[in-house]
Amino acid sequence: MDTLVIDTLQRLFRAWKNRLHTHYKKFPIDQERLDNRQIDVTPEDWNCLVEHYSSDTFKVVSERNKRKREKQVIRHTYGPRSFAEVEELTRDPATGKMATPDAVWDIQHTHKTNWGRIWLDPKSKEIHGRLQKLVFQQKDNPHPLTGDEILEYVLGEKSGYVRGKGYEKKPITKRARQQIDVEASVSSAIEVIRDQIIQTYLHFLHYL
Numbered sequence: 012m013d014t015l016v017i018d019t020l021q022r023l024f025r026a027w028k029n030r031l032h033t034h035y036k037k038f039p040i041d042q043e044r045l046d047n048r049q050i051d052v053t054p055e056d057w058n059c060l061v062e063h064y065s066s067d068t069f070k071v072v073s074e075r076n077k078r079k080r081e082k083q084v085i086r087h088t089y090g091p092r093s094f095a096e097v098e099e100l101t102r103d104p105a106t107g108k109m110a111t112p113d114a115v116w117d118i119q120h121t122h123k124t125n126w127g128r129i130w131l132d133p134k135s136k137e138i139h140g141r142l143q144k145l146v147f148q149q150k151d152n153p154h155p156l157t158g159d160e161i162l163e164y165v166l167g168e169k170s171g172y173v174r175g176k177g178y179e180k181k182p183i184t185k186r187a188r189q190q191i192d193v194e195a196s197v198s199s200a201i202e203v204i205r206d207q208i209i210q211t212y213l214h215f216l217h218y219l
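Numbering (our numbering), first residue to last: 12 to 219.
The hints are simulated quantities; they were obtained by calculation from the structure and are not laboratory data. Some hints could be false.
Derived pair list, reagent style SDA-like, types lysine to any residue, alpha-carbon separation capped at 20 Å [stated by the list, open to error]: (1) K70 / M109; (2) K37 / W57; (3) K79 / R25; (4) K36 / D67; (5) K28 / N58; (6) K77 / S65.
The following label-pair restraints were derived from C-beta to C-beta distances [stated by the list, open to error]: (7) L100 / W27: 43 to 53 Å; (8) K123 / V71: 31 to 41 Å; (9) E74 / H154: 21 to 31 Å; (10) A105 / S65: 44 to 54 Å; (11) L23 / G140: 28 to 38 Å.
Glycine included, every Cβ here is placed at the ideal spot set by N, Cα and C.
Given these sequences and hints, build the entire structure.
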């Protein structure tokens, strides 16, 4: 729980800093920035922040981080909101149920246009396909995996927490992962056999 609290506070602090930096960049010179302090920041703190944002050290770090963001393979449209937060927004107030992982991923990693929703990057689209396939496999499973287990299987775990879900979610067990692998193998085998049957049938029809 302590780790979760710290992780949440750090994320909120980063979001707060980003908001202030965005406000700072609206003005061309420091004097205008100082004259347009946001109301939730004290004059002393704002002076320090303006000085910090104007320093050469910050500009170097900011430029480096900008280049890193441009190289990101996976992008999403919800800013600092995590997968878990976007997932919570889909909760049905009547049933308490949330959208499936593939549906949440779709919301978080697509952009609405006049021609429909488009993926922000190829990797996000590829991950969505894997999530969607695993969600579909659970329909006939007497012991279906939870949404968290599906997400963790596809995205993996990092430093003891499920990617996108935070420290409060336990990574799936080795047994559960083996179950997924077996089900995936069976599903693939069924697809191969079905294709073989279809090809055999078509071959038979050819000689009728």
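Outcome of the hint check:
For the proposed pair K70 and M109, the alpha carbon gap of about 41 Å is over 20 Å, so the pair is violated. Our distance criterion of 20 Å between C-alpha atoms is met by K37 and W57, whose separation comes to about 15 Å. Taking the CA atoms of K79 and R25, the gap is near 17 Å; set against the 20 Å cutoff, the hint holds. Simply put, K36 and D67 have alpha-carbon atoms about 15 Å apart, close enough for the 20 Å limit, and the pair holds.
Distance restraint check for K28 and N58: the Cα-Cα separation of roughly 14 Å lies within the 20 Å cut-off, and the hinted pair is therefore satisfied. At roughly 16 Å between alpha-carbon atoms, K77 and S65 fall within 20 Å of each other, so this suggested pair holds. One distance hint, 43 to 53 Å for the beta-carbon pair L100 and W27, is violated here, with the actual separation near 21 Å. Between K123 and V71, the C-beta spacing of about 36 Å keeps the proposed range 31 to 41 Å intact.
Between E74 and H154 the beta carbon distance is about 51 Å. The supplied range of 21 to 31 Å is therefore violated. A105 and S65 have their C-beta atoms about 52 Å apart, which keeps the hinted 44 to 54 Å range intact. One distance hint, 28 to 38 Å for the beta-carbon pair L23 and G140, holds here, with the actual separation near 33 Å.
The structure shown violates the earlier hints numbered 1, 7, 9.
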